[in-house]
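**Q** All chains, full assembly: derive it from the sequences and hints.
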Amino acid sequence: MTSLHSNTLFRWSTDDLLCWLLRGLAAIAGTIVMLIVTFLIMEALPVLHRIGLLRFFTDPSWHPAEGFYNLTPMLWGTLFAMAGSVLIATPIGILSAVFCHYYAPFFLARLYRRLIELLAGIPSVVYGFWGLVVLVPMIGEMHPPGPSLLAGILILTIMILPTIALMADASLAAVPQHYLRGATALGLPRWATIKGVVLPAAKSGLFTGVILETGRAIGETMAILMVCGNVVQTPSSLFDPIRTLTSNIALEMAYALGDHRAALFVSGLVLMTMIVALAIAAEWISRGRYD
Amino acid sequence: MIKTVSRLQNPREWLAFIFVWGTAGFVTATFCWLLGDILWHGLSHISWTFLTAPPENAGRRGGIGPILVSTALILGVCLAVSLPIGIGTAVLLAEFTSNQNLFGRMTRRSLDVLAGVPSIVFGLFGNVFFCKTLGLGFSILSGGLTLACMVLPILIRSTEEGFRAVPASYRLSAAALGLSHTTTLVHLLLPAAIPGLLVGLVLGVGRAIAETAALIFTSGYVDRMPESLLDSGRALSIHIFDLSMNVSGGDANAYASALVLVVLLLLINGTASWLATYGLHRKIVTV
Numbered sequence: 001m002t003s004l005h006s007n008t009l010f011r012w013s014t015d016d017l018l019c020w021l022l023r024g025l026a027a028i029a030g031t032i033v034m035l036i037v038t039f040l041i042m043e044a045l046p047v048l049h050r051i052g053l054l055r056f057f058t059d060p061s062w063h064p065a066e067g068f069y070n071l072t073p074m075l076w077g078t079l080f081a082m083a084g085s086v087l088i089a090t091p092i093g094i095l096s097a098v099f100c101h102y103y104a105p106f107f108l109a110r111l112y113r114r115l116i117e118l119l120a121g122i123p124s125v126v127y128g129f130w131g132l133v134v135l136v137p138m139i140g141e142m143h144p145p146g147p148s149l150l151a152g153i154l155i156l157t158i159m160i161l162p163t164i165a166l167m168a169d170a171s172l173a174a175v176p177q178h179y180l181r182g183a184t185a186l187g188l189p190r191w192a193t194i195k196g197v198v199l200p201a202a203k204s205g206l207f208t209g210v211i212l213e214t215g216r217a218i219g220e221t222m223a224i225l226m227v228c229g230n231v232v233q234t235p236s237s238l239f240d241p242i243r244t245l246t247s248n249i250a251l252e253m254a255y256a257l258g259d260h261r262a263a264l265f266v267s268g269l270v271l272m273t274m275i276v277a278l279a280i281a282a283e284w285i286s287r288g289r290y291d
Numbered sequence: 001m002i003k004t005v006s007r008l009q010n011p012r013e014w015l016a017f018i019f020v021w022g023t024a025g026f027v028t029a030t031f032c033w034l035l036g037d038i039l040w041h042g043l044s045h046i047s048w049t050f051l052t053a054p055p056e057n058a059g060r061r062g063g064i065g066p067i068l069v070s071t072a073l074i075l076g077v078c079l080a081v082s083l084p085i086g087i088g089t090a091v092l093l094a095e096f097t098s099n100q101n102l103f104g105r106m107t108r109r110s111l112d113v114l115a116g117v118p119s120i121v122f123g124l125f126g127n128v129f130f131c132k133t134l135g136l137g138f139s140i141l142s143g144g145l146t147l148a149c150m151v152l153p154i155l156i157r158s159t160e161e162g163f164r165a166v167p168a169s170y171r172l173s174a175a176a177l178g179l180s181h182t183t184t185l186v187h188l189l190l191p192a193a194i195p196g197l198l199v200g201l202v203l204g205v206g207r208a209i210a211e212t213a214a215l216i217f218t219s220g221y222v223d224r225m226p227e228s229l230l231d232s233g234r235a236l237s238i239h240i241f242d243l244s245m246n247v248s249g250g251d252a253n254a255y256a257s258a259l260v261l262v263v264l265l266l267l268i269n270g271t272a273s274w275l276a277t278y279g280l281h282r283k284i285v286t287v
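Chains A and B, in that order, give the protein sequences.
So in this note's numbering, spot 75 of the first sequence is number 75, and the numbers just go up one at a time.
So in this note's numbering, spot 204 of the second sequence is number 204, and the numbers just go up one at a time.
None of these hints come from the bench; they were simulated from the model.
The hints are all genuine.
Incomplete in silico selection of chain B near chain A, CB under 10 Å:
hint : residue
1    : 106
2    : 123
3    : 129
Derived DEER-like restraints, expressed as beta-carbon distance ranges:
hint : chain 1 : residue 1 : chain 2 : residue 2 : range
4    : B       : 230       : A       : 200       : 53 to 59 Å
5    : B       : 167       : A       : 49        : 54 to 60 Å
6    : A       : 196       : B       : 169       : 30 to 36 Å
7    : A       : 236       : B       : 165       : 44 to 50 Å
8    : A       : 66        : B       : 270       : 52 to 58 Å
Residues from chain B that keep clear of chain A, each with C-beta distances beyond 10 Å, as calculated:
hint : residue
9    : 46
10   : 50
11   : 52
12   : 53
13   : 69
14   : 80
15   : 190
16   : 222
17   : 228
18   : 232
Note that CB positions come from ideal geometry on N, CA and C, so glycine has one too.
**A** As structure tokens, this is what we get:
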């Protein structure tokens, strides 16, 4: 765009004022992350100091009352639930966007988009409640006990689907029209156009969508807490109950004191590390997107 | 929109056709099932008294009056803080800094990280920072401020996209006419960028209303009518969580509360899309 300083004919003092105001607001927005990390570290430091980081991965079990702080079962729970739901939701989300742009008649595409937008707004606690009263009993009939990794994956899939679908929708909309004209002029059929032209052109937006949904899957707390059974164990099958890092914090924060409380902040730090790793991955994948 | 060639010439095209329509049908069916289930079980419990009466017997009986008030207050605090910061930051990133600018890049990167921060971590942070360090205690103010931190990235990202979607010719014409950047922003770019802003607002409000994990340890569980912003207040989503997990026999009221929450979101979505299609169009034409 035309930058602020390119307009050399007039210098308006309101512009300077506005610019400084905006910088102030942006500075507030930019420092929140640092505040979060600082406070997490400050709260986690006592226990890290006393027992060290390594014991969070080598202790025999998670029994804070007896001084055992092994986070790995919860880590596996988080990773399995995330991987399963991202694997299912990504193709569905991208196909949804493709449906809106290239397959559905105009009115149906509009309706479908409204539906997805609505779903993006449905609270996790409603998904969790629905999972608890509908999905869990169904899985329980198939293979007891019911609250399980599978239930978590399915609920997470439904929850993160709107994220990837809306992102894919936006990035498909941003594909330049002349690409499509070119494909049509070459006589390419519809799916060939989508696969050969549209999806590669929309790649960086799609990747950003996947990163966003992965982050959402890692961070989801309530729905997972309600359908996964919350047993601290490394799952050996899809039907095993699991506890994730996030639900562990939500369950124990209410009564945790001292080292136990600090240990929960350590798991918060672990979650943050995963998110930062994701953000770096996103940066790496879509490098040059804003250039 | 350009029409792609729609002849189904070969098996691959057929397969793709069936797959795409099948996916859309499957998604629609799942969501109809979810919404239908909540509508079916929740509708019979909804009445004027349910919406206004205080909860009784841990929420098994009675209504959700005070809970609705708390929810609205939390959301109000959240928007009052996040809207100015969010729009300001988005304008700065999209219009007033070049892509090479260090400050802009740092801000964008830190927001990208913030967008992914799990809600429960916001809860931990809000508990330590707003409740303990700032001494606000378990209160609606703490909850609203925590949510404001949370919705900022969504708000900024969508608003910024909205600004970037405005054709460069708008800015060039404004510059050619000698308009100041402030005037250009207020009269030309802001109205043109409203679709992005509204999408951000809808997603932000959706995330704020939907939030449970960040509120448990910041705004608290108390289900009485809040008397000030420093009172603890139970949000609707926490009420649903509490009824379904901790209160046996609370399912009926949980269904009804879930229905209220979903209807609220429908209304918010509807308003936003109506604004985006009608209110906005008129404004741009008159400019």
